[in-house]
Structure formats: structure tokens, C-alpha cells
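2 protein chains.
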Amino acid sequence: MATINDNYLKLKAGYLFPEIARRVNAFAEANPKAPIIKLGIGDVTEPLPEACRSAMIQAVEDMGDRNSFKGYGPEQGYAWLREKIAAHDFQARGCEIDSGEIFISDGSKCDCGNILDIFGDDNTIAVTDPVYPVYVDTNVMAGHTGSCGENGEYAGLTYLPINASNDFTAQIPSQKVDLIYLCFPNNPTGAVASKRHLQDWVSYAKAHGSIILFDAAYEAFITDPAIPHSIYEIGGARDCAIEFRSFRKCGVYGHPLRLHGGSQNLDGQGQGWFTGRTLETLESAAIY
Amino acid sequence: MATINDNYLKLKAGYLFPEIARRVNAFAEANPKAPIIKLGIGDVTEPLPEACRSAMIQAVEDMGDRNSFKGYGPEQGYAWLREKIAAHDFQARGCEIDSGEIFISDGSKCDCGNILDIFGDDNTIAVTDPVYPVYVDTNVMAGHTGSCGENGEYAGLTYLPINASNDFTAQIPSQKVDLIYLCFPNNPTGAVASKRHLQDWVSYAKAHGSIILFDAAYEAFITDPAIPHSIYEIGGARDCAIEFRSFRKCGVYGHPLRLHGGSQNLDGQGQGWFTGRTLETLESAAIY
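Chains as they are written, first to last, in the numbering used here: chain A, 243 to 530; chain B, 243 to 530.
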């Protein structure tokens with residue numbers, strides 16, 4: 243008889259956002275006239291700008307002509323898009339990132355989970371506390387943790403507190419961990435990481451052979467020029483970090499376009515570490 | 243030190259289609275004037291019809307107005323789309339499938355791999371021979387097989403020959419297998435499965451507590467009214483089958499819209515088995 247992945251049974255009270263949605267829906271049904279301000283998933287608030295719509299409409303029209311329609315794209319994403327991203331988002335900030343190191347995916351949230359496929363099941367894992375639930379739950383589902391304790395923490399994970407007592411920075415652990423999830427600007431606290439702080443993390447990772455999974459989904463909100471937008475602004479990060487980015491948060495409101503980048507140094511063979519699937523023509527056309 | 247998933251090392255000569263692409267590119271570079279007919283991935287050959295383009299353009303325009311733009315959709319897909327699919331693709335053919343049993347995903351290929359997340363690692367697995375490589379390679383990557391032998395077969399998998407000697411039907415195995423991948427109309431042979439043949443599979447699955455992962459991506463090519471388009475046309479399939487569908491193959495040329503459906507009976511609790519992510523507004527808007 244087919245068996246199920248019983249790691250799912252360890253998940254505590256379901257995934258946070260569906261649980262919030264369930265409660266909101268129940269409340270709304272019971273109180274149909276109550277105005278509700280939703281503080282769950284940070285949904286988009288503004289329509290798509292004209293430049294994006296025009297590019298997307300042009301891309302649709304291109305799909306209607308035998309001379310311009312596109313079928314399957316390259317599985318890493320279109321070269322022209324990867325080149326623009328490498329130039330504008332990384333090289334322009336002094337990061338040594340080549341277009342061949344950019345992978346266009348269908349979403350940074352999916353990637354935060356899917357990236358685990360390429361790692362061994364024996365890695366020790368660190369997350370911040372509080373943390374974006376996707377990092378934790380995908381590891382639970384993949385069987386990388388024990389059960390959830392009374393305090394809401396899963397056995398086997400290393401939790402790094404970020405709160406007022408440490409100025410909302412993720413404290414470098416004293417023990418060795420193999421995979422470290424860092425998200426700056428942070429979801430949910432909003433705190434940013436200084437160059438010095440990220441440099442400490444890169445030094446730690448290089449010393450221990452660890453990999454930093456760096457979620458930069460909110461980099462577009464950084465206004466202080468001293469704060470790095472990418473972990474690749476830190477020397478040595480090429481050797482120990484995979485960065486995830488999202489275009490949903492940075493002006494292309496209402497439509498997802500995400501990617502993850504990473505360094506070809508990571509596997510020492512210039513192959514990169516990436517898995518995933520192609521971004522669709524329409525989505526890519528909307529950005530540049 | 244972080245470790246990698248060394249199951250990837252079992253993969254034989256890379257994934258088939260990238261390998262074909264590498265060889266085609268090398269040949270094309272060496273022979274720049276040679277006309278090449280590509281027989282690898284079955285890419286689209288025709289542009290998008292006008293009805294699809296109009297719907298997609300209307301959807302883009304809706305995204306430009308505060309009163310009509312959409313943010314995150316429901317994670318199972320928009321209700322209106324799931325209702326249309328349940329009515330047109332299943333109920334119209336006599337299948338007892340409710341819209342709540344339809345899950346809109348980003349692609350049936352991804353789903354063929356991702357669906358493994360919800361199953362235990364101890365299931366025995368059957369594939370046809372020849373077979374769409376995705377079914378095999380995703381199981382290899384997930385550690386469900388041993389090494390690849392000289393004959394190209396992975397230890398631990400049950401191979402079900404489909405060839406002229408058995409009229410291109412997948413022979414029911416004598417031993418018990420827990421997960422069975424069936425694809426009809428078949429990729430790559432093009433053979434179809436009769437109701438009787440699928441009924442035999444459903445009977446086998448119910449007798450052994452097995453799950454059939456039924457890939458119906460090519461159902462739109464069926465012209466014989468006696469051939470089922472969905473495994474849910476077979477009595478009892480609700481209890482033992484998950485069906486994957488694709489809209490890329492059926493008239494919406496050049497743009498992917500895929501889904502998988504399944505029966506709420508499968509887990510006995512009316513919850514369904516589904517994982518995945520939402521289809522984007524534009525894609526869903528293009529169909530109905």
C-alpha cells in the first residue's frame with residue numbers, strides 16, 4: 243500500500259497563511275458587514291504601471307504571429323533577461339556576478355523550498371527567530387527536523403533570535419551549522435543587515451564550509467546607501483552564498499517575476515547549483 | 243560542511259533534453275548552414291489564437307486599474323477556473339470530479355516531480371519502458387532508486403515494457419507496486435489506453451492500495467470516442483488515481499496552463515492530496 247510523507251504530520255496547525263485565511267474567512271462570514279484590515283500575507287496594493295502593461299501586451303501580440311511567437315525558452319531563463327539582471331542588479335553594485343550565474347525561476351518562495359532538493363539530508367540548519375515560515379516548514383516536510391515542541395520550535399533546527407536585545411541582528415552561532423537562512427531586509431522584522439554583519443556571516447560560512455541561503459526579496463526597500471542590497475557585495479560571498487530575489491516587491495506590482503542567483507564558485511566546477519524552471523515569456527518581457 | 247544530494251550523481255549522462263540540446267548546439271555551431279529538424283522536446287509550432295491573445299490582453303489591462311487589478315490568487319487556483327475545468331473537462335464526460343478537487347499549478351511537468359513530496363520514501367515505483375524521463379529522474383533525485391545499470395535501468399524501479407509485442411499497452415505487474423506512472427495517450431509511443439485496460443489498472447491499484455499517477459497531457463489528441471480522456475471515466479479511479487493535465491498541448495499554443503486534479507477520496511478526509519502554487523491571472527484568463 244502506498245505510504246504518505248508523514249513528516250507533514252509534524253507541521254503545527256497547518257501553514258500559517260492558510261490558517262490566517264481560514265480564520266479571516268470564518269470571521270467575515272459570521273460578520274458580513276465588518277470592515278477587515280488583513281495583516282496576513284502582504285498582498286499587492288497598487289495596479290501595474292503602464293510601462294509593464296505595455297511590455298506585456300506587446301509580448302502577447304508577439305505570440306500571435308508565426309514570425310515572433312515563442313515556444314519553450316531556455317530552462318535557465320532568457321539570456322537577454324539574465325544579462326540585464328546581472329548588469330543592473332549585481333555588476334552595477336560591484337558584485338562579481340555573471341549572467342551565467344543567474345537562474346530565472348517561477349518564484350523565490352518556491353525556490354526557498356525547492357533549493358533543498360540539491361542538498362543532502364544530513365545538513366544542520368539554522369533559521370532566525372522570528373522567521374518566514376516557508377524556510378522552516380519546507381525543512382519539516384523534507385524530514386530535516388524532529389517534532390515541534392511546546393515552545394513552537396522544531397527539534398534539530400538551530401534558532402537564531404533576532405530581537406531588540408541584539409538590535410535585530412542574527413547572532414553568529416557558536417556551534418557549526420551547514421545551511422543558514424538569512425533574510426535582509428528581514429521578513430518579518432524589517433531590520434536590515436550592515437556590511438560588517440554580513441561579512442561576519444560570510445567569514446563564519448567560509449570557516450565552516452556552510453552555505454548561506456540569502457533571501458533579498460525586499461532589497462528594493464533599502465534607502466540607506468551604506469546597506470548592501472546583495473550578499474555578493476561582501477567579499478568571499480561567491481564561495482558560500484546563494485541569493486534569492488523577487489521582482490514582486492520592487493515596483494512590478496501585482497505580477498510575480500523572481501529569480502535566484504548564485505556563484506559558480508559554489509561547486510568548484512563552474513556548473514552552478516541551480517534547479518527549477520523557466521520564467522514565461524510574458525513575465526520576463528515585463529521588466530526590461 | 244554542507245553536503246549535496248548525491249542521488250544526483252546517479253543520473254545518467256544528464257537529463258535527456260539538455261543533453262540533446264547540447265549536441266544540437268554543438269552540431270549547429272560546427273555546421274552553421276545545415277538545416278536542422280529538431281526531434282527533441284516537442285516545442286510549439288503555431289502562434290496563440292486570437293481568442294487567447296484578446297483574453298490575455300484584457301487581463302493585462304485589468305491589472306492597470308485599482309478597481310480591477312488582482313494580487314495573490316487563492317493557492318489552489320481561481321474558483322471560476324476550477325469550476326470551468328471540473329464542468330467541461332470532467333463532469334461533461336461523466337466523471338465525478340468536483341471543482342474542489344482541481345488544483346491549478348504552474349505545470350504538469352513540475353507536478354510530476356513535486357507530487358513525490360507528499361509520498362513516503364519507501365514506496366515501490368513502476369514506470370513504463372520507454373518512459374517520459376521526468377518520472378524516472380525525479381525519483382532518482384529523490385533517492386527512490388539505486389544506481390543505473392548497464393541496460394539503462396535503475397535498480398529498485400519496476401519497468402513495464404510497452405512495445406509491439408504487447409500492442410503498446412502497459413502490462414499489469416505480477417508483484418505489488420505502490421506508485422504507478424501511466425501516460426495515455428503515451429509519450430513517447432503515442433499509443434492510447436482502452437477503457438478495459440484502464441479498468442484493469444484501477445482494479446489492480448485498488449487491490450494493492452496503490453496510487454496511479456495518470457498523465458493525461460495529450461488527451462486533446464484523442465479522436466476515437468471509445469477512448470477515455472480521463473482515468474476518472476473509470477469506476478473506482480477516484481479512490482486510487484491522481485490525474486495530471488496540461489493545456490499547453492490542446493490549443494493554447496505557446497503558453498503553458500496546466501493543472502492536476504485528483505479525488506478527495508484519496509485521503510479519506512475530503513482534503514485532497516495537493517501541493518503546489520497558484521496559476522497566474524494571465525494564464526488562467528486565457529482559457530475560458
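None of these hints come from the bench; they were simulated from the model. Please note that the accuracy of each hint is not assured.
When chains are identical, the list treats them as one kind, so a pair holds in a single copy or across two.
Straight-line C-alpha distance at most 30 Å; calculated DSSO-like pairs for lysine-lysine [stated by the list, open to error]: (1) K254 x K326; (2) K275 x K312; (3) K252 x K275; (4) K254 x K418; (5) K437 x K252; (6) K312 x K280; (7) K312 x K252; (8) K437 x K280; (9) K351 x K312; (10) K252 x K448; (11) K418 x K312; (12) K280 x K351; (13) K312 x K437.
(message) Need the list of violated hint numbers for this structure, in ascending order.
(response) 1, 3, 5, 7, 8, 11 and 13
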